[in-house]
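Sequence order for the protein chains is A and B. Each residue of the first sequence is one higher than the one before, starting from 18 at the first, in our numbering. Each residue of the second sequence is one higher than the one before, starting from 18 at the first, in our numbering.
If you're looking for bench data, these hints aren't it; they were derived computationally from the structure. Mixed in with the good hints there might be a few duds.
Repeated chains share a single entry, so a pair holds when one copy, or any two copies, can fit it.
Below, a list of computed lysine-lysine pairs in the BS3-like style, where the Cα atoms sit at most 27 Å apart [as the list claims (entries may be wrong)]:
1. Lys38 - Lys118
2. Lys202 - Lys118
3. Lys118 - Lys30
4. Lys98 - Lys38
5. Lys118 - Lys98
6. Lys38 - Lys202
7. Lys30 - Lys202
2 protein chains.
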Amino acid sequence: MDALIRRIAAEGKNLGGGILKVDAFINHQVDPVLMQECGRELARRFARVGVTKVLTAEISGIAPALCAATVLGVPVLYARKQRPITMPDQVYLTVAPSHTKGRPIELMVSPEYLGAGDRVLIIDDFLASGETILALARLVQAAGGTVVGIGVVIEKTFEGGREAVMRLGVPVEALARISDMSHGKIVFADVTEPSRGAATY
Amino acid sequence: MDALIRRIAAEGKNLGGGILKVDAFINHQVDPVLMQECGRELARRFARVGVTKVLTAEISGIAPALCAATVLGVPVLYARKQRPITMPDQVYLTVAPSHTKGRPIELMVSPEYLGAGDRVLIIDDFLASGETILALARLVQAAGGTVVGIGVVIEKTFEGGREAVMRLGVPVEALARISDMSHGKIVFADVTEPSRGAATY
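Go ahead and model the full structure; you've got the sequences and the hints to work with.
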């Protein structure tokens with residue numbers, strides 16, 4: 018998605034160690050116009066898979082998931098990392114290793130809002146190692162639902178996440194794909210035709 | 018806001034101890050249509066105060082804040098409870114007591130995205146004791162910015178939050194006001210004309 022790629026190129030910061038800082042428009046401050054565009058594009062790409070619910074993980078997944086869910090006209094459910102007092106005693110819970118957090122995180126959803134009839138589009142801000150998305154998929158499977166697609170705002174293609182989540186056998190879409198962050202670079206892979214190779218903005 | 022009040026009356030659950038469960042459409046699962054309506058209405062009520070930025074606290078404030086910011090055409094900033102690795106070493110940080118969490122929570126924002134020129138609308142899902150909103154206001158003040166309004170989705174009028182935040186001297190708007198949750202009830206105060214008293218739905 019050109020607007021997103023241009024924005025990352027202009028305002029994203031390569032902090033080293035594969036860490037991309039996009040706090041100015043996605044992760045801390047959110048640009049609602051750009052986020053709506055991301056939501057519309059994700060919704061467009063998954064318009065034909067019969068989504069009944071969008072699932073994401075708090076915190077940074079909420080904005081893109083909400084924007085996509087708005088266009089798709091379905092509810093969005095965000096998995097919690099800590100159990101709020103309003104959640105029932107019996108929940109679906111799974112554990113995901115987190116490289117950026119340095120410790121495993123728990124993700125949980127209430128059985129009240131995820132069930133066997135659900136066709137779930139998983140949305141997150143980043144696809145890196147794929148661990149968070151696989152954890153969300155386990156929650157869907159535990160509830161007896163079906164994952165029908167995976168959409169992310171930014172993919173880091175060099176961290177193996179796509180290979181990891183491909184085993185779910187559903188379409189995987191990323192709005193911006195970054196193929197190289199070594200030596201301070203931010204190199205974009207061509208999103209629509211990866212075979213054409215990488216383009217540096 | 019009628020649609021919201023009807024929804025709380027139909028699907029909200031009084032868990033006792035002043036805890037209102039709205040996980041079906043606000044706090045865990047989000048109804049994007051209702052949330053957009055809430056955002057539009059909050060934006061309408063603060064259309065004339067010159068907002069340059071919407072500030073909220075992760076996690077549950079993000080959805081209404083994003084929806085309001087979209088209509089107002091300004092960025093939304095969500096205060097973090099844990100410092101992500103992308104945040105600079107020097108941040109604005111404050112501590113808020115949390116009755117529902119049972120322990121103080123830290124709220125922090127990066128000085129990169131909040132500054133002296135900002136006219137800030139604070140938005141959150143709930144106004145209860147007012148502690149979170151006062152903490153957000155301290156962050157704005159620390160950055161040299163100006164709080165120009167406070168908007169919440171649901172106010173519990175019996176927990177003293179309005180009195181606490183009124184000292185900021187800015188307009189306070191709530192889309193649904195609940196005046197009594199004793200004995201399992203959910204009693205709504207009239208939102209637009211509080212003097213007419215409470216109405217039970």
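Please list, smallest to largest, the hint numbers that this structure does not respect. none
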